[in-house]
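As given, the protein sequences belong to chains H and X, one line each in that order. Heads up, the working numbering is the position in the first sequence plus 97, with the first residue counted as 1. Heads up, the working numbering is the position in the second sequence plus 31, with the first residue counted as 1.
Among the clues, some could well be false.
Label pairs and their in silico Cβ distance ranges [what the hints assert, rightly or not]:
no., chain 1, residue 1, chain 2, residue 2, range
1, H, Asp158, X, His77, 27 to 37 Å
2, H, Lys156, X, Arg89, 35 to 45 Å
3, X, Gly171, H, Ala417, 19 to 29 Å
4, H, Ile194, X, Leu68, 22 to 32 Å
5, X, Phe303, H, Lys281, 51 to 61 Å
6, X, Gln284, H, Arg279, 29 to 39 Å
One-sided excerpt, in silico: chain X residues whose CB lies under 10 Å from chain H [to be verified]:
no., residue
7, Ser94
8, Gly163
9, Glu280
10, Asn283
In case anyone wonders, no lab produced these hints; they're calculated from the structure. We put the beta carbon where it would ideally sit given N, CA and C, even for glycine.
The primary structure of each chain is shown beneath.
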Amino acid sequence: MSTRRRSIAALAVIGAIVSCTAVEAGDSVTFVSQGGAYQEAQTKAILNPASKELGITIKQDSSPNAYPIIKTQVESGKVVWDLVDVPSGACIRGESINLYEKIDPALVPNAASLDPRMRDDYSVGYITYSTVLAYRSDKYGKNGPQSWADFWDVKKFPGSRSLRNFPRPTLEIALLADGVPRDKLYPLDVDRAFRKLEQIKPSIATWWTSGGQSAQLIADGEVDMIQAWNGRVSAVQKEGGAVTYGYNDAILETNSLCIPRGTPTKVAAMKLMNAAISPKLQAALPLLIDYGPANPAAFQTNLIPADRLAQLPSSPQNLAQQAVLSSEWWASPEGVKAEERWFSFMQKK
Amino acid sequence: MPSVSALRRAAIKEDALVLCLLAPAMLVVGLLLLLPLSWLAVQSIHNEQGFTLEYYRRLVEDSTYLDTFLTTFRISALVTLLSVILGYPVAYAAARLPRFWATLVLAMVVIPFWTSVLVRCYAWLVLLQRRGLVNQVLTGSGLIDGPLALVNNMTGTVIGTLHVMLPFMILPLYGVMQKIPQDLLVASSSLGAKPMTTFLRVFLPLSGPGVIAGAVLVFVICLGFYITPELLGGGRTILVSMLVQRDVEIFNQWGPASAASVVLLAVVLGIFWLINKLVPVEKILGVR
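Modelling step: build the complete structure from the supplied sequences, incorporating the hints.
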């Protein structure tokens, strides 16, 4: 090869090596949540301010069910997601198979202000939300279904219905409709729940699989009542949809943040985790979407107006009307078995 | 005159040359097709303890898997039948109309074919849903009282899948029909046959291989179809592809998913073997 060609080749090789290392040295964290209006609100309230404050680039991804993808990434050794926001049950389940990085308390001091039930060595509580019963106000007016027992009452409240194509918290909903008291739900009587669900199955027009789909179904009037997350329903209301919901008989759940084990940007991810649960940013999210902060210090910042507090799932007056989902039960073997049984239930005509 | 051994050497050399030219293509096929398929087959007979047939046993014993396979076959057969019935007239029109009209017909088949499947599925959702266009027109004109359940069930799945599959039926059929010589039809009528007789006894049998080719293509694609049943089926119409997806994504069980995939592949290969008895496979795949 001539000298000229050789030097060009050498430059190309050096350039390739330099660009590889340049990518590794940059502080970029891939944050993963569930997409839609929820993720847009997080971007505005938490991710953009945190990115500016910490000086890191935040890339985003979304998935309605991140747990199996996290498991595949960690087990294959190719971890692309650095900080994930998942239902707390996914954190508990993953911890038993060592899927997450241990949190360094020095990098995440805000974790100490959380309720001990909402944090552990591998995850921190992030937001609270509720599964509520939403219905079309143009169909039922002020006499809509107020409880899950009403949802099952097809004679008194005729109309098409939709439930989530997932056992959590649909099994709890079935048990509440069957009359089980809110504080006596766990351990779940799975047989009783599936029997109750068989009753309502013929009236279900469609079983939804993503939050966006549930919002579309009730917004379009495709169904007259639906089980949906409160944030999605209030987003529909804000856009002028004729939809009503309440917190009576709702089911409170939490999402937690955790870091898949083996991520190359562990330190930056923990710094972002700390920023995401800081009181100021936690108080900013409820102003854009109806999810409550997991960090109680957010209520003391006085950034949330009183009428807003009335709409949040974790505010005291709303908490009293709800059942709290047990992530421990769903992570237990009975919970996993119930998830598998769900598929056979859907399969039967 | 060259000696026998020289000729033999020349022949071997030529074979070796052909092999070298084929090698890149064979490598691609081997790496991208055969290797992943064998890995899939291995996964279906392996679990943590080693060799096992539990996944295949589960396919037979667990009624949900059996039901899923039956539903898949039923929907595939239905869609294939409907696509033959609806596709034949369109292919016939494209083959026999004057050029301008034939081009128009083909354009109307091919342009949706080039549109993304996802976009078409969502379009069907908008048309068929409870407050969708179809129901609005039907209830607005007073033809029916309440909205029809046209989507989020098997009806919607069949309609959407049929729409996607029709080009796969029409295009091969059109290809075969085009090659039927006009002279045969002219000869038939000159022998005194009425147009209907000409069609039934000359044209239809000659277009048979095209129908079989299209039907096989549609059936095989339907067996593995995922996106349309997922979006338009309402969660209730469960096909084998959705079963595989659920096993992998929600339960993270690669064994049963692989077993179901291997069984599906075996069924497809079995279909091709059976069809080969009727019509040589080369004709279906278009090999001259």
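Hints, one by one, checked against the model:
1. Asp158(H) to His77(X): 27 to 37 Å: 31 Å, holds
2. Lys156(H) to Arg89(X): 35 to 45 Å: Taking Cβ atoms as reference, Lys156(H) and Arg89(X) lie about 40 Å apart, which means the hint holds.
3. Gly171(X) to Ala417(H): 19 to 29 Å: 47 Å, violated
4. Ile194(H) to Leu68(X): 22 to 32 Å: Between Ile194(H) and Leu68(X), where Cβ atoms are some 29 Å apart, the hint holds.
5. Phe303(X) to Lys281(H): 51 to 61 Å: Given range 51 to 61 Å: holds, Cβ gap about 58 Å.
6. Gln284(X) to Arg279(H): 29 to 39 Å: Since Gln284(X) and Arg279(H) have Cβ atoms about 34 Å apart, the given range 29 to 39 Å holds.
7. Ser94: 8 Å, holds
8. Gly163: Check passed: Cβ of Gly163(X) comes within 9 Å of chain H, closer than 10 Å.
9. Glu280: 5 Å, holds
10. Asn283: 5 Å, holds
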